[in-house]
Structures are given as C-alpha cells and as structure tokens.
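Undergrad: As a plain string of letters, each chain reads:
Protein chains: 2
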Amino acid sequence: MEYHKFEESTLRGFTESVFKKMGCSEEHAVLAADVLLKADLRGIDSHGVARLTGYVRLWEKGRINAKPNIKIVHETPSTATIDGDAGLGLVVAPFAMKVAIEKSKNVGSGWVAIKNSNHFGIAGYHALMAVEQDMIGFAVTNASPLVTPTFSKERMLGTNPICYAFPTGKYPPFITDMATSTAANGKLEIAQRKGTEVPTGWIQDKDGNSTTNSHGLKEGGALLPLGSDREHGSHKGFGLSATVDILSAVLSGASYGPWAPPFVAFMDPLPNQPGEGLGHFLGAMRVDGFRPVEEFKLHMDNWIERFKNATPISPEQKVIIPGEPELEAEIERKVTGIPLIDAVVRDLNEVADKFGIDRL
Amino acid sequence: MEYHKFEESTLRGFTESVFKKMGCSEEHAVLAADVLLKADLRGIDSHGVARLTGYVRLWEKGRINAKPNIKIVHETPSTATIDGDAGLGLVVAPFAMKVAIEKSKNVGSGWVAIKNSNHFGIAGYHALMAVEQDMIGFAVTNASPLVTPTFSKERMLGTNPICYAFPTGKYPPFITDMATSTAANGKLEIAQRKGTEVPTGWIQDKDGNSTTNSHGLKEGGALLPLGSDREHGSHKGFGLSATVDILSAVLSGASYGPWAPPFVAFMDPLPNQPGEGLGHFLGAMRVDGFRPVEEFKLHMDNWIERFKNATPISPEQKVIIPGEPELEAEIERKVTGIPLIDAVVRDLNEVADKFGIDRL
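In order, the protein sequence lines correspond to chains A and B. Start counting the first sequence at 1; every next residue gets the next number (the UniProt record's numbering). Start counting the second sequence at 1; every next residue gets the next number (the UniProt record's numbering).
Bound conformation, chain A alone (with noise of 0.2 Å):
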C-alpha cells in the first residue's frame, strides 16, 4: 500500500477547514478535528481523518446537523440525558462527557447517556478527558450492524466499543478501549487490499458458515462477538455488545441493535426507527471518591509493573499495558507525522476541491 505522511498541524487545519466549510462553529470545528487527529496520532488510523469524507456525506445526505442545539433533557445529580441534535458525535460527546464530568465533580460520579448523535471517533478521546480529571474515564457507543449474536447470521450489533480509562502516576494512563467484536471491520480492509485471508473465527458468511473470505462481510455475512463461537465464548462477546447497545440506546431513547443508523450515507436507516441517531454513554468518577488519589496513582503504578514483569511466554515479547502503545505512537507520529494512505488522500482532496480549500 502507498502512502505519504502529513504532518500533524496540516492535517489538523486541513479538517478544521473542512468541518468550517459544512457549516460548524469554530469552535465545533477545532473540537472535531481534535478528536479526529487525536485517532491518527495514537495509531488508530480506521478512526482518524480516513472517516472525515464520510461525516461530509452524512452531512450532505441532511443526517448531521452542523449547528446542533446540543442539551440536556432530562437529569438528577448524578446523571443526566443529553440530544445531541443530530450534532457531530465528535462534539456532542465531548460536551456529554463535561457534563459527567461537572456532575463527578459535585457528588463523586456523573453518568450520560446520549441519544440524536453520530459517530463519536475513539471512544479513548472522551474517556481520557476525564483521567485529566483524575476521574476513571468511561464510554461506550452503538454503531452500524455489522455484528451478529451467537447462533443467528443476521447482523444486529454494532462493534460497540468499550473503554474504561484510569489514572496513573508515572506510567501513561491505563486504557482499554475494544471493539467488542474478534476484529473489526478495518482489519478486514486490510486483508482485502493486501488480497490475504482473514483468521477462522473473525467472520461468517451469508448462510452462517464460518469463511476466511476477507470479503465475506461485504458479500452478506457478519462480524462474529468477541469469542468467535459458542465454544469460545462468543456468547460473553453478545452479551457484552448487547450492553453496550443497552446502555447506549435504550437508556438514552436512541436507535438499537439492526435500526442503529449506518455511517454509511449510501445506506438509509431502516423505516420505524424505534428512537433517534445513534447513541453514547459516557461516565466519570472521581478517584478521591474513593480512595485518595496519590494512594491509588503508586497502587497504579505498582499494578503496571508488575504487570509489566510477568513471566513472558518469549523474552521479546513482554506483555503490553493497555494504552501504552498508543502513546507510544502518539509520541512518534508528532515528530515523524502521521501516514495516510493513497486513497485516503485521494478522498480527502476531492472534497478539497468541492469545498474549495486547499489540496493536502
């Protein structure tokens, strides 16, 4: 695959124009490309401005809304619901997750669920705000169903991520954030541009027969939970997707498992929408709501050693902490910059040239 590589400020003002040009706020702008970048420079670069054309579609398309009037609906002290107003997810969840935070703040936590948004980017973004906070950092999103339950071929779920962020003292801060499927749809581009077969257990076909056709998803088949199948404990992968979707959409009076509106703007949602966009739940907890923070910052760092110290299969592999991979690109990517690759740019300039701003 070619590829260039752009640095950080480029593309940042780059997507900054881009966000201006469909009409948002600068200050929505700035925010949406933040979170986007934030993507690239940590190397998840399925989340990073390769998306950028497709929120110009879906904003082309009438379902997003570049002026949002983003506001709560309904709260107590600790939680709240927020519409997002067909809003960018890239700010809607930014501010949901201020309002958590706020709300952590006064009384120990805050807890938002968020319906009427789209596509949020990294969950990692809106979690690692509150660490900032010295908060526990929590997010989960629904998405386009791309995933099917145990035992069916019909694709229900999304790969609804989950994140929990948490604070340390010396050591980047803790932080998983999965697809709660065995891979996710990017890994399958990858397999289908390089033309190799994907791993058994990642994909089904049409009929629910498991394939290593990395092309099999697009020809009707599905993502299978994480797990791959029963005997792996795909159910446990369902179940966690399922919360997630729950927790997102549900709660918040979103749209739910196969009515959760695609990111693709060439596909309509399905009629009978039972609520409305896609939806989010964000949380943060004061650490010191529990115990002090110093404490539990060296508790932290103690854990990650150790961790770091188990005994490893091989001597070159050590075992990773989560997130710290990912700061270990981000580092590097704002020196060495960021790559994209060929089409991506080839995308992106074309709507360079229907916005009328500069080609990358």
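Among these hints, one or two may not hold up.
[To be verified] In silico DSBU-like pairs for lysine-lysine, Cα to Cα no more than 35 Å straight-line:
1. B/Lys187 to B/Lys318
2. A/Lys153 to B/Lys308
3. A/Lys153 to B/Lys297
4. A/Lys218 to B/Lys21
5. A/Lys38 to B/Lys153
6. B/Lys38 to B/Lys21
7. A/Lys318 to B/Lys187
8. A/Lys71 to B/Lys105
[What the hints assert, rightly or not] What the simulated footprint calls covered on chain A by chain B, stretch by stretch (three residues with Cβ under 8 Å from a Cβ of chain B suffice, anywhere in the stretch; the number is not a length):
9. 223-230
10. 234-247
11. 277-287
12. 310-317
13. 343-355
Keep in mind that the hints were calculated from the coordinates and are not lab data. Don't be surprised by glycine CBs; every beta carbon is placed ideally from N, CA and C.
Given the coordinates of chain A, work out where chain B should sit on it, guided by the hints.
TA: Chain B only, in chain A's frame:
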C-alpha cells in the same frame, strides 16, 4: 457422574445451619445461604452449595471472619468505599449493594468499591438487587489468579466476572454475568471427570503452549483471557479482566493481580500483600435518572423481541437472550429440585459430621 436431587428448602436449611455453626449471625447465615442457593437454582452449580465447604475451610484457616464489622470508610453522595472486615463476600457484597442502591435513590447512581472481602458468589445476585428497584445493576470482583495476560505464561488475574443487569417489562431481566476468561475453571473440572480433552484456546500449559489437556491448569498452566489468542482478541479479554481487577482492588484498597488471595484454603496468600483481601465493585443507576421507567421497559421488551427473532443459522437454535436460561432453570429447579453430584454431597456431609448437624 452420579448425582442426587435435593429440594431447595433442604439445601437452604442445611447451608444456614453450617454458616450458623461457623458463628455467623442468623441474619448473615440466611443471607449467605440465599446467595449460594440462588446460584444453584439458576443452574450455576459451580458457585452454589458446592462451594460451601470451601468457605468453611477458609474460616478454619482464620481467613474468613464470621462476625465482621462491615463499614463505610470513605464516601461522597454517589460513591463509597467499604471495608468488609474479612467477612464472607456473600454478606459483604449485599451490604455494599444496599449502600449503592440508597445512594442511587438519593442522587441517581451509587458506586461502591469493597476491600477486605472474600468470594461473593454469583455476581448476578448482587446486580439483580438493583433491578428489583428499577435500577441498572453492575457487579464485578477480582478472584484467585488463574488467568494469564496475552504473551505471558504467569497466572496474574482471576476469572474476574463482569455482570450488568437491566430491568425489563414482560420478559425476564436482561442479565449478562460472565467470566472474562474464555472458559471458567468449572468447565475444566467437568472435562477432567469425564476424561475428555478441552477445546484449543481454553488453556495453555506451563510453558505457554496451547494445550487440550484438561489437567493443564493443575499442572502449572493457565486459563486464557476471552479471545483465547492475540489473533482472536485475547488482549481484549485481558483488558477487561484488568479493568475488573483495578475497579475491584486498586480502587478499593484490596489486593490485586497475582496477590489476590486464593479461594482454596491450602494455598496461602502471597507475602507482601499490597492491599486487604479480595475486592469487589458494585453499582446501581436509577433507570428514571435517564428516562421514564415504563418507556425504558417497553423498549427493552422490543429489544428482546427483535433479538429473539434475529434470523437463526439453524431453525432449531434461536438467539439466546442473556438471563433467560438462568430464569428458566430457576423456575424448573424450584419444582424439580437441585442436583448435586455425589462428591459434593460427601464433602457436605463431612462438614455436617464435624459440626454435629444433620447430614443431607
């Protein structure tokens, strides 16, 4: 395997008698028995009265305090930390969940970290306490180290379950209660008794090689995190298990990772414990902190109906909604009785003889 069936009331009376002989108060004995019986009724035999002799042995070693002074040691309006005073997790966790529910009534949600506890039975018992109050229940716990992180061959984590439970309308509560390992130890024990092999991906041997030997764990191997191997997402199972460990133990002040005290009395806890006992983390969120309860329940029922009707691969096996098989077992076993294998009955009768109470 030979087994006998017992009426619920017989096992309940027996279990209460044993806890009272240990020195538990009437109230604690009744509660602890209720937690164990709930597991047996719901078909989770590994966590029911089959564990009773394990608790007795821990008490004999002085590791369980039958008369604990369970108390809140730190709190905010929506959070608390509880010291279980080395009591039975079976009574410490319900105490803590009551605190979470009370906080949830007051400010919308309640989150309680618990240190200095012991095995708390099935997570589902505690989460369902919240559901009875039209709240969402959350329960996790750390446990004896038997699971290895991805890339390691050292036992660093417990099977660390995650449980979420949601109220519903006409259907049974939606409840996902799952170990974060691919398979639980109980499944290995069944294979050992039958003399069969276990599937690839459940365990590895002491050198970190994949094995199908059902005795592999006993012989120095380890259970694998949900996902089984890196290619199938075992880093996600590791991330979830680690999250449970951190919430349960690093946040509360309990012992974490490989230091988590083993359930088996013949193994002493490691020296230089970084905290006190096992830890749990429980939560309750009022549904009406987000949207009206009746509205939520209608949508939960709609969710369940849609998923029950997801196109099955084979018409004989429809999608299973988490929580349904357990409720079906509960209804059946209340009538037909609870099966215990003879080895368990023998074990329980030895305890009966020692305590001078009637045999089963």
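Undergrad: For the pair we were handed, A/Lys153 and B/Lys297, check the Cα-Cα distance against 35 Å.
TA: holds, 27 Å
Undergrad: For the pair we were handed, A/Lys318 and B/Lys187, check the Cα-Cα distance against 35 Å.
TA: holds, 29 Å
Undergrad: Take the C-alpha atoms of A/Lys38 and B/Lys153, compute the straight-line distance between them, and say whether it is at most 35 Å.
TA: Answer holds: A/Lys38 to B/Lys153 is near 34 Å, not above 35 Å.
Undergrad: Count the residues of the segment 310-317 of chain A with a beta-carbon closer than 8 Å to any beta-carbon of chain B: does the count reach three?
TA: holds (count 6)
Undergrad: Taking 8 Å as the Cβ threshold, is the statement that the segment 343-355 of chain A is covered by chain B upheld or broken by the three-residue rule?
TA: violated (count 0)
Undergrad: Straight-line Cα separation of A/Lys71 and B/Lys105 no greater than 35 Å?
TA: The given pair, whose Cα atoms are some 24 Å apart, holds under the 35 Å limit.
Undergrad: Would you mind confirming whether the straight-line C-alpha gap from A/Lys153 to B/Lys308 stays at or under 35 Å?
TA: Holds, at roughly 13 Å.
Undergrad: Holds or violated: B/Lys187 with B/Lys318, Cα cutoff 35 Å?
TA: holds, 23 Å
Undergrad: Verify the proposed pairing of B/Lys38 with B/Lys21, using a straight-line Cα cut of 35 Å.
TA: Distance of about 21 Å is within 35 Å: holds.
Undergrad: Are there three or more residues in the segment 277-287 of chain A whose C-beta lies closer than 8 Å to some C-beta of chain B?
TA: Our answer is that it holds, as 3 residues pass the Cβ test (under 8 Å) against chain B, meeting three.
Undergrad: Tell me whether the statement that chain B covers the segment 223-230 of chain A is true, taking a Cβ distance below 8 Å and needing three residues at minimum.
TA: Since 3 is at least three, the answer is holds.
Undergrad: Are three or more residues of the segment 234-247 of chain A within 8 Å, CB to CB, of chain B?
TA: Result for this restraint: holds, n = 11.
When each numbered hint is compared with the structure, violations occur for hints 4 and 13.
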